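Trainee: Please build the complete structure, drawing on both the sequences and the hints.
Residue numbers (the working numbering): 1 to 192.
For the record, the hints were derived by calculation from the structure and aren't laboratory data. Please read these numbers as outputs of a predicted model, since none were measured by experiment. Where hints are given, some of them may not hold.
Unchecked claim - Computed beta-carbon distance windows for the label pairs:
#, residue 1, residue 2, range
1, Arg73, Gly50, 17 to 25 Å
2, Asp141, Asp6, 25 to 33 Å
3, Ala131, Arg179, 16 to 24 Å
4, Gly153, Arg69, 12 to 20 Å
5, Asp6, Glu168, 20 to 28 Å
6, Gly40, Ala131, 42 to 50 Å
7, Lys94, Asp7, 25 to 33 Å
8, Arg178, Tyr20, 30 to 38 Å
9, His115, Gly41, 30 to 38 Å
Said to hold, decoys possible - List time: in silico SDA-like cross-link candidates among lysine to any residue, alpha-carbon distance up to 25 Å:
#, residue 1, residue 2
10, Lys174, Val158
11, Lys67, Pro149
12, Lys67, Thr37
13, Lys2, Val34
14, Lys67, Arg17
15, Lys174, Gln160
Quick reminder that beta carbons are idealized off the backbone N, C-alpha and C, glycines included.
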Amino acid sequence: MKHDPDDLIMLFNDLFRANYRTVLVRGGDEPEYVPATEPGGFAQIIFAHGFYASALHEISHWCIAGKQRRTLRDFGYWYCPDGRTVAQQQAFEKAEIKPQALEWLFSIAAGARFHVSVDNLSGSGAWDEDAFRKNVSAQADHYLEHGLPARAGRFLQVLQTFYGTGTEFNEVWKNETRRLMPEGSVTDTEVN
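Mentor: In structure tokens form, the structure reads like this:
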């Protein structure tokens with residue numbers, strides 16, 4: 001299956017441009033969210049290097065951000081780049097559970113491969129990668145059982161329709177969970 005980021009741009013912008021005054025655009029080295037700077041302007045979700053997975057990840061952050069956060073650059077969150085200390089990595093892993101859970105579900109709906117990311121290659125590494133994987137999986141399970149945030153649910157449906165993955169979604173989710181979860185692990189802990 002072909003995964004062209006231009007398809008995500010088209011799908012996202014068709015779905016959210018008018019009602020949310022937000023567009024998805026290709027960017028350079030770093031992803032970023034830039035709120036509209038003038039009345040009637042558009043907020044921009046900028047994904048890195050034109051990477052498909054980066055677009056899905058940045059869309060995930062936007063789908064979680066509330067109305068107030070969507071008025072702030074990068075939703076008002078801190079971002080500490082690769083090279084984080086142990087304490088910074090712990091905070092990063094906690095903050096990334098929900099966005100990565102959504103990204104995983106979006107990836108399945110798009111028929112794309114998902115990789116859990118602790119994003120700290122030149123720092124102290126993951127705080128607890130197995131626990132992080134479990135928490136991301138548990139959060140995704142929670143979303144599937146109790147419903148996704150509204151914008152995320154709409155985007156998931158659009159992806160399933162566009163890529164024709166709706167009928168096989170649950171089976172692929174089961175297989176993907178087995179692929180990404182350590183043998184014998186049980187999902188638990190950080191779900192909300």
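Trainee: Confirm or reject each hint.
Mentor: Hint-by-hint comparison with the structure:
no.	hint	result
1	Arg73 with Gly50: 17 to 25 Å	holds, 21 Å
2	Asp141 with Asp6: 25 to 33 Å	holds, 31 Å
3	Ala131 with Arg179: 16 to 24 Å	holds, 18 Å
4	Gly153 with Arg69: 12 to 20 Å	holds, 19 Å
5	Asp6 with Glu168: 20 to 28 Å	holds, 24 Å
6	Gly40 with Ala131: 42 to 50 Å	holds, 45 Å
7	Lys94 with Asp7: 25 to 33 Å	holds, 32 Å
8	Arg178 with Tyr20: 30 to 38 Å	holds, 36 Å
9	His115 with Gly41: 30 to 38 Å	holds, 34 Å
10	Lys174 with Val158	holds, 21 Å
11	Lys67 with Pro149	holds, 13 Å
12	Lys67 with Thr37	holds, 15 Å
13	Lys2 with Val34	violated, 29 Å
14	Lys67 with Arg17	holds, 15 Å
15	Lys174 with Gln160	holds, 16 Å
Checked against the numbered hints above, the structure breaks only hint 13 and satisfies the rest.
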